[in-house]
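If you're matching them up, the sequences are chains A and B in order.
Take the first sequence: its letters are residues 1 to 385, numbered as in my numbering.
Take the second sequence: its letters are residues 1 to 385, numbered as in my numbering.
Just so you know, these hints were derived from the structure itself, not from any lab.
Among the clues, some could well be false.
To be verified - Calculated pairs, BS3-like style, for lysine-lysine (alpha carbon to alpha carbon, straight line, at most 27 Å):
#, chain 1, residue 1, chain 2, residue 2
1, B, Lys222, A, Lys221
2, A, Lys221, B, Lys32
3, A, Lys32, A, Lys13
4, B, Lys32, B, Lys221
5, B, Lys222, A, Lys3
6, A, Lys222, B, Lys3
7, B, Lys221, A, Lys3
8, B, Lys221, A, Lys222
2 protein chains.
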Amino acid sequence: MQKPTIAGVGFTKITAHWKQSLKDLASEAAVKALNDAGNPEINAIIVGNMLSGIINGQENLGSLVAESIGLSGVSSVKIEAACASGSAAVMWACLSVLSDLFDSVLVVGVEKMTDVTDNEDVTSALATAADYDYEVFFGATFPSLNAMIMRSYAKTYNLSPEDFGYLPILMHKNAVDVSHAQLRFPIDMDGYLNSPMVSDPLKLFDCAPIGDGAAALVITKKDGAKNSDHLVEIAGFGSATDTLATYRREDLSRLRAAELATTRALSMAGLESKDFDIVQIHDAFSVIGYLNLEALGIVERGKAHEFVASGDAERSGALPVNPEGGLKARGHPVGATGVYQIAELALQLSDRAGPSQIENPNVGVAMNVGGTGSNVFVHILRRVE
Amino acid sequence: MQKPTIAGVGFTKITAHWKQSLKDLASEAAVKALNDAGNPEINAIIVGNMLSGIINGQENLGSLVAESIGLSGVSSVKIEAACASGSAAVMWACLSVLSDLFDSVLVVGVEKMTDVTDNEDVTSALATAADYDYEVFFGATFPSLNAMIMRSYAKTYNLSPEDFGYLPILMHKNAVDVSHAQLRFPIDMDGYLNSPMVSDPLKLFDCAPIGDGAAALVITKKDGAKNSDHLVEIAGFGSATDTLATYRREDLSRLRAAELATTRALSMAGLESKDFDIVQIHDAFSVIGYLNLEALGIVERGKAHEFVASGDAERSGALPVNPEGGLKARGHPVGATGVYQIAELALQLSDRAGPSQIENPNVGVAMNVGGTGSNVFVHILRRVE
């Protein structure tokens, strides 16, 4: 079967972009990706975004983005799957390229989260990823739901507070030399342990920051790609849903949808978990990062902290994880995150990742999680020789 | 080329559903469509919705809908393209079925618009389909933008207030015997002319009502369909964007994106406008309905009112338009509307439309418009013999 390829990549720095609108950010990333791909004719645009209607007063992002890059006329829509909106957009772009009707599709993930009057609005907006009728209405926030998952996971595997610190410490270390990363400073275990409690046992340094950013990809057929010197193949993809409400899960210490999405993506790619050379996980909260590593089949359940503590997840380790700093330190503009993950993987697999480049990876995987594990997307990328 | 088919159809009545949640409505429509299709295995679910994040405090509708119908696990996303979200979902379902990865995809269009504290909220929410930075911020509402279009169109073609009344009068007439329609009462020209001014020259009876509803389709490959006795083929589809802001258009008296989408859909279907036997237009406002008929190539520019006044658009006329009452009288739960249009066409083309059935149609077309013409989707359906 023909596989879709990534022909071009572009993204903005993630920060509080006070002078750039949602449209400005989307345009910057899109134009970079189009140039990187050699400016092929685009058959459709898919915008991955979660919060624009609530935070920015703007829906209809398909038309907004198409016009902003001079492509008014081109077919365009927005796809939303909570914090997995970006990779959802990538997956549906892949499906359409495989249909033979479209040759090249532009994916733009964008989120502008800081442009609101106070942070409480962002917290409310993010809570729309949870079950409004059965969770949010009764006062649950998104961090508090993830705190419940962290508590359950810690209890099941008898983990200490330190055990959750290894991942954010590595993420901050990785981001220091990454020019597009949001939090480019190291943290240590004392700093982690003494960071303010957000929702017991979830600390501030367990949580990804709020930021603005956009990332874009040009998805093409391999044969139709103009700039073939840095093509990367999307060997497999898969997605799955789980219950929207966290309390309706049988076991809070695993992510069933993440396991199912992994199985589907591996099956399409004809690969196994041991084939991964580099991993992008969704560490919006430390515990979710650990659950991702377990769902991907990389470590046994309850052992993710040991894997990270061992040094194996470092850039120079046996299986590098989030070499650009992940959601925790590179940043997490929610609807854009999945596109950042896949864009970073594509750069790694074409030896274009700069300071974060790891040595000669052939197969990479990205896991992007919507809600508290209710909607998960996995993409497996492979170097094109 | 293999074409996607519609294997099952389901929808709810459109009204103010005080006792049913967004989830309840989506489930009702989805289960009806699945049963109608013989309950095939579903590879993915696409939810068409515009306003759930803003009005209902709920994003992540993919997971919500999957779980609500017992299909948690299945891949699912939400697609948004303003008032064209429903048909955008149908088009992307078609693309994915043509990819050979998916055999059957469930599309659910849903909108719950009445569940807010006051109507001003709905008006603000609908304005997110326009350009926030350049229109809405300065006070434009969605009706006021459409009033500008109506004023321009009336001036260009020297139309009287009466000329805009023919379409809503026909729509109300058609809806009287349609059990799922929202406004099942006739209106006459006096009633139309004396209806309150909303935004001069736009009157109340030019505007579609606000309502709650959900519609669903099962899109399959023809060969894989279980209940083949009422299959309808999607012979062609096309979509196009135009400037997000209304003022940036060269000519307000035509819809460029609607013309382009029509050309693309006809090209894929290998058909011409004269092949249409039945038409579904997006009459959210009377003038937009007229502009749809012109963009579809059915009437000359400026002549749509004459076509409707002549009786040709009646159920028994030469080319029936919106035999179920259209957006004006059947109702317009925005993210669901495009799915209602295509579902109604599918029933017509399989002789299952009940009281609104027209005589032996072979080819039908549905046009669904997002924003003030900034994102348009056209689907052409054909009877399967």
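Do the hints match the structure? See the list:
1. Lys222/B <-> Lys221/A: holds, 26 Å
2. Lys221/A <-> Lys32/B: Cα-Cα ~37 Å, so violated.
3. Lys32/A <-> Lys13/A: Satisfied, since the Cα-Cα distance of roughly 12 Å is no more than 27 Å.
4. Lys32/B <-> Lys221/B: Holds - the C-alpha atoms of Lys221/B and Lys32/B are around 19 Å apart, at most 27 Å.
5. Lys222/B <-> Lys3/A: Satisfied, since the Cα-Cα distance of roughly 24 Å is no more than 27 Å.
6. Lys222/A <-> Lys3/B: Status holds; Cα separation ~24 Å.
7. Lys221/B <-> Lys3/A: holds, 21 Å
8. Lys221/B <-> Lys222/A: Holds - the C-alpha atoms of Lys222/A and Lys221/B are around 26 Å apart, at most 27 Å.
Violated hint for the displayed structure: number 2, the only one.
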